[in-house]
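All chains should be modelled from the sequences, with the hints used to inform the complete structure.
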Amino acid sequence: MVPLNYYLVLSAMLFAIGTAGVFVRRNLITILLSIEIMLNAVNLTFVAFGRALGSADGQIIVFFVMTVAAAEAAVGLAIVIGLFRHRESLNPDSWTALKW
Amino acid sequence: MQGWLSILIMIALGAGFALISVVLSSFLGPRKPTPEKLAPYECGMPPVGDARERQSVKFYLVAMIFLLFDIEIAFLYPWAMALRDLGWNGFAQVLLFIALLLAGYVYVWRKGALDWGGDQATARRRSTIGD
Amino acid sequence: MAPETLAFYAFGAVAVVASLLVIAQRNPIYSVLLLIASFGALSGLYVLLDAPFVAVIQIIVYAGAIMVLFLFVVMLLNAPHEETEYDERVHPLLRPGPMRFGALLALVLAGELSWALTRSGDSGRFPAGAVASVRAIGRSLFTDYAFPFEVTSILILVAMVGAVLLARREGRG
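Protein chains in written order, with numbering that gives the first Met the number 0: chain A, 0 to 99; chain B, 0 to 130; chain C, 0 to 172.
No lab work stands behind these hints, which were simulated from the structure alone. Please note that the accuracy of each hint is not assured.
As the list claims (entries may be wrong) - Covered by chain C, per the in silico footprint, the following chain B stretches (three or more residues, Cβ under 8 Å):
no. : stretch
1   : 61-73
2   : 84-92
3   : 99-105
Unchecked claim - Incomplete in silico selection of chain A near chain C, CB under 7 Å:
no. : residue
4   : G20
5   : F22
6   : A47
7   : Q58
8   : V61
9   : A73
10  : A96
Note that the Cβ used here is the ideal one computed from N, Cα and C, for glycine as well.
If you want it as structure tokens, here you go:
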């Protein structure tokens, strides 16, 4: 079987890709997708560690992470829809009124 | 891993069939385009407007409600598998879980998010809630 | 090479390449579809980790519901092109200010994590026994994790109410 380290390195790569997506992209939907990539990288780590420790806890936490991801997607996309109605743009730089 | 191999073969067969069908039909089918043939098919009517029209927000609301109840079913499946071990204690937990989600469902229903009828039905409901 | 190792590399490659393409696409529709491919590959990895239930839930919840939600929102907003004030063809690392910093930060993060993980050697062998049965998961979920489970339902309730309030056109503001 493939050692645990391989899964962890793969998860780290996916997480870094997600982080890069959040920073580099200027589209709210792509930023939310990048967050989903990061959540999935974390899920992979949980399942791999759960398998290594021989317990079901890793898989159970994955369910909770998925629930949080679903809630995050539902509310986040609703906010994106609301923002888009307000100002016809998906660029996060369009909403800087509270920045200063 | 033996059982998963058959699933892999199933996926390969399914994807291969779709791929081969599309590729073969594009190779073998005769191609005599006319403007009518190239137009998007719209139930035989002349096409109206742009295909990239904005969808109604109702699609989003229904997909969102589907997603959240999908999660609920995902949680209920392990409970069903461990039903005998958990007994009434697990039953009470699931009952509370479903009751809380039912409250959300009732809220969504009362808000009219599930209304696909004409504007009149929606307007009447909205006036009764006093939104 | 053992078939399992081969499967790991295949799924891992699909996941990484698809995720990279997700953040490289300019049209969000392609991003969403590529992310579904990435989730499918992750589901295969869960199978390799003896977690078939998580693999199935991954397909049902992530690929089947969350991505459909994203797809509907992309269709709803119908703004496929990212409007930016700088040239899109310029490499992310050469773009101004925070983006250059962010891309650099992600690269450093990837390097650091990979370095740390490869240094720990080949210690992480998996034990023979695996908890694969849904029954064991259910038993643990409804005893040890009973409270988080109930809190989850409140989270779903709040998400439902919040999303309906925010998304409806008749909402205030």
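Results for each hint:
1. 61-73: n = 10 at 8 Å, threshold three: holds.
2. 84-92: holds (count 5)
3. 99-105: Holds, because 5 residues of the stretch 99-105 of chain B bring their Cβ atoms closer than 8 Å to Cβ atoms of chain C.
4. G20: 4 Å, holds
5. F22: Because about 2 Å separates F22/A from the closest Cβ in chain C, which is inside the 7 Å limit, the hint holds.
6. A47: 6 Å, holds
7. Q58: At about 5 Å, which falls below the 7 Å cut-off, the nearest Cβ of chain C leaves the hint on Q58/A intact, so it holds.
8. V61: 5 Å, holds
9. A73: 4 Å, holds
10. A96: 14 Å, violated
Of the numbered hints given earlier, the model fails hint 10 alone.
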